[in-house]
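Visitor: Sequence:
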Amino acid sequence: MITPAAQHLRVLPSEFTVEQLPARQLPPDSSWYVLHRAPEGLTVVREIPPAPAAEPDAPGAPQRWAGLYGETSHGLDLPGMLAAVLGPLAAADVPVFVSSSYLSDLVLVPRERRAEACSVLREAGHIVTG
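Quick note: the sequence shown uses this note's numbering, first residue 197, plus one each step.
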């Protein structure tokens, strides 16, 4: 089995929310970062300004996610690139939400677990900056 090389991941400065809209509904504005249509509806990832780490989320507020973006571009025919990132996070019991583009992947982790996720990925041999 070929093991993917260490990847360079950049922590994005913004935070994100993830929501689901009914099948035929579009977001009311252009504040989205990722749109993903599926049979059960439209998943919307929105970019939001980061909140101070010490500030707790308001009751009922959507969960905030930190974004890690793969700076190592790769073709669709290279197996294991995403698994090399998700495997260590799964082993550390860090939840993720992933959106892939043609060249790379956006991996979201809960905001409060950002430092842990970065540490786990570094220990797995990846380069994490930002």
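Source of the hints: derived by calculation from the structure; they are not laboratory data. A portion of the hints provided could be inaccurate.
[To be verified] Restraint-style ranges between C-beta atoms, simulated for each label pair:
1) Arg206 <-> Ser227: 17 to 23 Å
2) Ala254 <-> Glu319: 22 to 28 Å
3) Gln216 <-> Ala286: 19 to 25 Å
4) Pro209 <-> Ser315: 15 to 21 Å
5) Arg233 <-> Ile323: 18 to 24 Å
6) Ala288 <-> Ala201: 31 to 37 Å
7) Glu215 <-> Asp273: 15 to 21 Å
8) Ala279 <-> Ser226: 18 to 24 Å
9) Gly321 <-> Ser226: 34 to 40 Å
10) Gly237 <-> Ile323: 22 to 28 Å
11) Ser297 <-> Gln216: 33 to 39 Å
12) Ser227 <-> Ala201: 22 to 28 Å
13) Ser226 <-> Leu299: 19 to 25 Å
Predicted model only: the values in this text are computed from it and were never measured. Backbone N, C-alpha and C define an ideal beta-carbon position, used for all residues, glycine too.
Visitor: Compare the structure with each hint and give your call.
Guide: Status of the hints after comparison with the structure:
no., hint, result
1, Arg206 <-> Ser227: 17 to 23 Å, "21 Å, holds"
2, Ala254 <-> Glu319: 22 to 28 Å, "34 Å, violated"
3, Gln216 <-> Ala286: 19 to 25 Å, "23 Å, holds"
4, Pro209 <-> Ser315: 15 to 21 Å, "19 Å, holds"
5, Arg233 <-> Ile323: 18 to 24 Å, "33 Å, violated"
6, Ala288 <-> Ala201: 31 to 37 Å, "21 Å, violated"
7, Glu215 <-> Asp273: 15 to 21 Å, "32 Å, violated"
8, Ala279 <-> Ser226: 18 to 24 Å, "33 Å, violated"
9, Gly321 <-> Ser226: 34 to 40 Å, "38 Å, holds"
10, Gly237 <-> Ile323: 22 to 28 Å, "36 Å, violated"
11, Ser297 <-> Gln216: 33 to 39 Å, "20 Å, violated"
12, Ser227 <-> Ala201: 22 to 28 Å, "35 Å, violated"
13, Ser226 <-> Leu299: 19 to 25 Å, "23 Å, holds"
Violation of the numbered hints given earlier is confined to hints 2, 5, 6, 7, 8, 10, 11, 12; the remaining hints are satisfied by the structure.
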